[in-house]
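There are 2 protein chains.
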Amino acid sequence: MTNLSGSNFIAGKASQQGSSTFTSVNPRTRAAGSVRFFNATAHEIDEAVTHAAAAFEITRHYSAERLAAFLDRAAAEINGLGDELLETADWETGLGIPRLTGERGRTTGQLQAFARLLREGSYVEAIIDTALPDRQPAPRPDIRRMLLPIGPVAVFSASNFPFAFAVAGGDSASAWAAGCPVVVKAHPGHPATSELFALAINRATEGEGFPRGWFSLLHGNGVEVGQTLVQHPLLEAVGFTGSLRGGRALYDTAARRERPIPVYAEMGSINPIVILPGAAARRSEGLAEGLVNSVTLGSGQFCTNPGLILMLNEASTRPFIEAVKGKMAGRAPGVLLNEAIERGLTATVAGTQGRGTVETLTGGTVVEGDSFCYANTVLETTGAAFIADGGLQAEHFGPVTLLVVCESREELEAAIRGLHGNLTATIHAEVDEIDVAEALFSLLREKAGRLIWNGFPTGVEVVQAMQHGGPYPATTAPGTTSVGMTAIRRFLRPVAYQNMLEALLPDALKKANPLGIWRIVNGEMTKGEVTSL
Amino acid sequence: MTNLSGSNFIAGKASQQGSSTFTSVNPRTRAAGSVRFFNATAHEIDEAVTHAAAAFEITRHYSAERLAAFLDRAAAEINGLGDELLETADWETGLGIPRLTGERGRTTGQLQAFARLLREGSYVEAIIDTALPDRQPAPRPDIRRMLLPIGPVAVFSASNFPFAFAVAGGDSASAWAAGCPVVVKAHPGHPATSELFALAINRATEGEGFPRGWFSLLHGNGVEVGQTLVQHPLLEAVGFTGSLRGGRALYDTAARRERPIPVYAEMGSINPIVILPGAAARRSEGLAEGLVNSVTLGSGQFCTNPGLILMLNEASTRPFIEAVKGKMAGRAPGVLLNEAIERGLTATVAGTQGRGTVETLTGGTVVEGDSFCYANTVLETTGAAFIADGGLQAEHFGPVTLLVVCESREELEAAIRGLHGNLTATIHAEVDEIDVAEALFSLLREKAGRLIWNGFPTGVEVVQAMQHGGPYPATTAPGTTSVGMTAIRRFLRPVAYQNMLEALLPDALKKANPLGIWRIVNGEMTKGEVTSL
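Chains A and B, in that order, are what the protein sequence lines are.
If you count the first sequence from 1, position 465 lands on 561 in the working numbering, and the numbers rise without skipping.
If you count the second sequence from 1, position 234 lands on 330 in the working numbering, and the numbers rise without skipping.
Keep in mind that the hints were calculated from the coordinates and are not lab data.
Accuracy of the hints is not assured; some may be wrong.
A pair counts as met if it fits within one copy or between any two copies, since identical chains are not told apart.
[To be verified] Below, computed lysine to aspartate or glutamate pairings styled on DMTMM-like, alpha-carbon distance capped at 20 Å:
(1) K109 to E221
(2) K423 to E354
(3) K623 to E161
(4) K423 to E153
(5) K623 to E506
(6) K423 to E381
(7) K109 to E507
(8) K623 to E221
(9) K421 to D348
None of the values given here were measured: they were computed from a predicted structure.
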């Protein structure tokens, strides 16, 4: 076993400059871990970002191939952590070995997928418009544009994906792929897991000969470390996955900087599912089973957890609701990640129950015992109440879903029109309900980043086409995604070259197209060399 | 001649609900115009955005072809305004008929260029990853992603481009191209010109059968109208071209909204030009002439005006500086757009002069007379002073440039490293200075959105490859551009469809590729139909 130190890691070096510490807590037993983790000091934060800025002076010149080699090496080093990584994360999060094994594969697969994107190379979006020397009244210059890395990035780990949205998760992978050094603020819920990742990433950084400021890890179990980090003048962008409150606080701080920087925060989402009567009638059992699986997956601690079910009050509705209620009540509740989540879930469900329009069909209470645990919970309200009260769109981060029963198609549409921004929106319908589904999808399209037909929102594929984002409060940047290959776009910035000497052009923009990438040359997509108009 | 009403135009209808008015002022004579323009009221602002949101319910379903037809029609209607447009704008801005004629061509050309982009169609960035039904442990769903319009957009006109960055300028054109209704806050410096544009755009809107909320025009000669507009809950994005102070105020307001929205503000830039000794020696006369042309173009009222010249103290330097000084002093100063610009320029130059490290080689004073006018001005300071004092990077919005003479290559590099964000950065060098130029471009790349070799930054081509943006304070969104075809990206938002029925997919994502656009299908760029993996 690795002897963990509890250190921050500043540009490859263990650092324990502060005196304030905290420990892991096992969510199954509430036992404290034996290692004390050191909250980063203001000086350590400054060191980390300063080293990142120095590293960027070097890495901003790296080829896509060199960046890809790092990503592959990082994946290999993560795999090299072996069972210790799974066991440590399981001890800290209670997520279980099978889930964590799958998440590890997703995390390394994501790093490798970015490596493939880099090697293909067209992600730099090269566009070339050649000169028109004879144009009147003045010649048109040659203009060539591509994407280049934005600079040092701060990444805030999430608690619910200790691998895939954490130290070397999607935000870090996409920032590294862009050529940007990363300072990770580790989540205090799994600091030992984070240290193991830091050791792996440090090995990859050193092994590939990258400057050590390419990666730093900072611990912090309060808001101060993150707030200080986001204010650092050398930082250029922020990636965050977590709560609305946490993301908004960082967004606000970044917006108040003398020099504001973009904050890409993926925050709250209730992921509405519309179930049309035909689907509820003809596949009640399977649909209820699938829904309960999705709501309780990972103890409901997913940003894509279906927290809102919209239905019409038809003959099939009550039997379906009874089936959902029965399955939710009959399934053993899972362990929650930590005390803060149990406390937050208790408070938000109580808040919803307290609005006076909501019935608790099952659950609605903490499950007493050794573990952090909350009962699988089904709430119900009316369409009218939901439309009248935006507070009923509060996210319950756990195994909780709110059923909204609408009295008419008009009420259902009004409920959808009143939705806040979400990551996903789903419709379950039968083929003879397509016309209604089409009309409702048309409304849902304005409310979410991903539209799902007869499926469930949990399970976010890491593919080029994935969109994991959406209107606020799902994210602070609805034009971007935090999962999938286009996530790299957040950490790139376009630069145009005007009448530049061939020798001074980046390879992506040279006449002969030495990288063999797709480029738009004088309006035509081509892998060919540049020919003048 | 058109009988101007001084009205706001809310969804096609003239509206004068307020009592506060203002007039145009002729910058050549300080004469007030005869038409009183009505500052929009809070109620009119609400009406405009509410109509825009209603229009979006319709236009978000429009095909690219239909949007393109509107853009072409808008260009035709603008041309149909004939000489009256040029004469009105000349009276209000003093920019002169030749310049305004060229700017009109650029403005209509920009609308038509977006129409071509829409008809080609690939701007929706379609990406398709087909299902892997046999994948273990769970099948991979089919995911298809494209860009869709973001919703109602507010556009703030600039004073210095009464056509190209105004009512139907680049921000409006790119928002309309995206499918977004636009509420324009007209610049109070050219309200009559704005009304003529509004009449033309209303004709295009009506002529193409678009909902009337597709376009509204609001007047306001203070900050209130803009501040109220940006706070409207139905607004989804903001485009702004203007001063750092104005852009930052809107950015701050949008960031403080309960639901923040993106603000794409193009603001201050001093557009550094590095002139290496060989260039200064071997083409002193031509370079000085070109530089003075660029600094005084449009009386220096360009966001790409070269306000900073960085040189090394070599034998060729003083003669070059003398040549610039002589040409600047010898050229008749142009008229400024309005009193606010004259007042602002006077204050910012005085602020720079007052820092105690700057010598005024020529100019530095208001030119008394009927016109708003400021002397062509050359300031000089040392590299050491420039490095020590970030205040010397203040923008002087007018015919003013600051020469910085560095004592060494190291000092020059330190000056570049200390630069704030800019729209452009330029190097003038001879072929035997390429190594130095390459090293300096490498530093300048982090400071600007466009790098220019042996040219001048004024003159921003409207081509696909153009990048008109840069790190703060050049813009609030360094990953975007406000000129060129990729400006449309600001007003689009990705949406992914998961396992969607073919019948419910947008045309851009259908199997047969009915639009014939470029798509990335299972990682391959293709115009072909979708084939499974």
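Here is how each hint holds up against the structure:
1. K109 to E221: Intra 36 Å, inter 42 Å, cutoff 20 Å: neither.
2. K423 to E354: neither (53 Å within a copy, 38 Å between copies)
3. K623 to E161: Cα proximity of K623 and E161: one copy only (18 Å, versus 27 Å across).
4. K423 to E153: neither (56 Å within a copy, 39 Å between copies)
5. K623 to E506: neither (51 Å within a copy, 40 Å between copies)
6. K423 to E381: within (10 Å within a copy, 85 Å between copies)
7. K109 to E507: neither (59 Å within a copy, 32 Å between copies)
8. K623 to E221: both (12 Å within a copy, 17 Å between copies)
9. K421 to D348: Neither: 40 Å inside a chain and 46 Å across chains, both beyond 20 Å.
Violated hints for the displayed structure, listed by number in ascending order: 1, 2, 4, 5, 7, 9.
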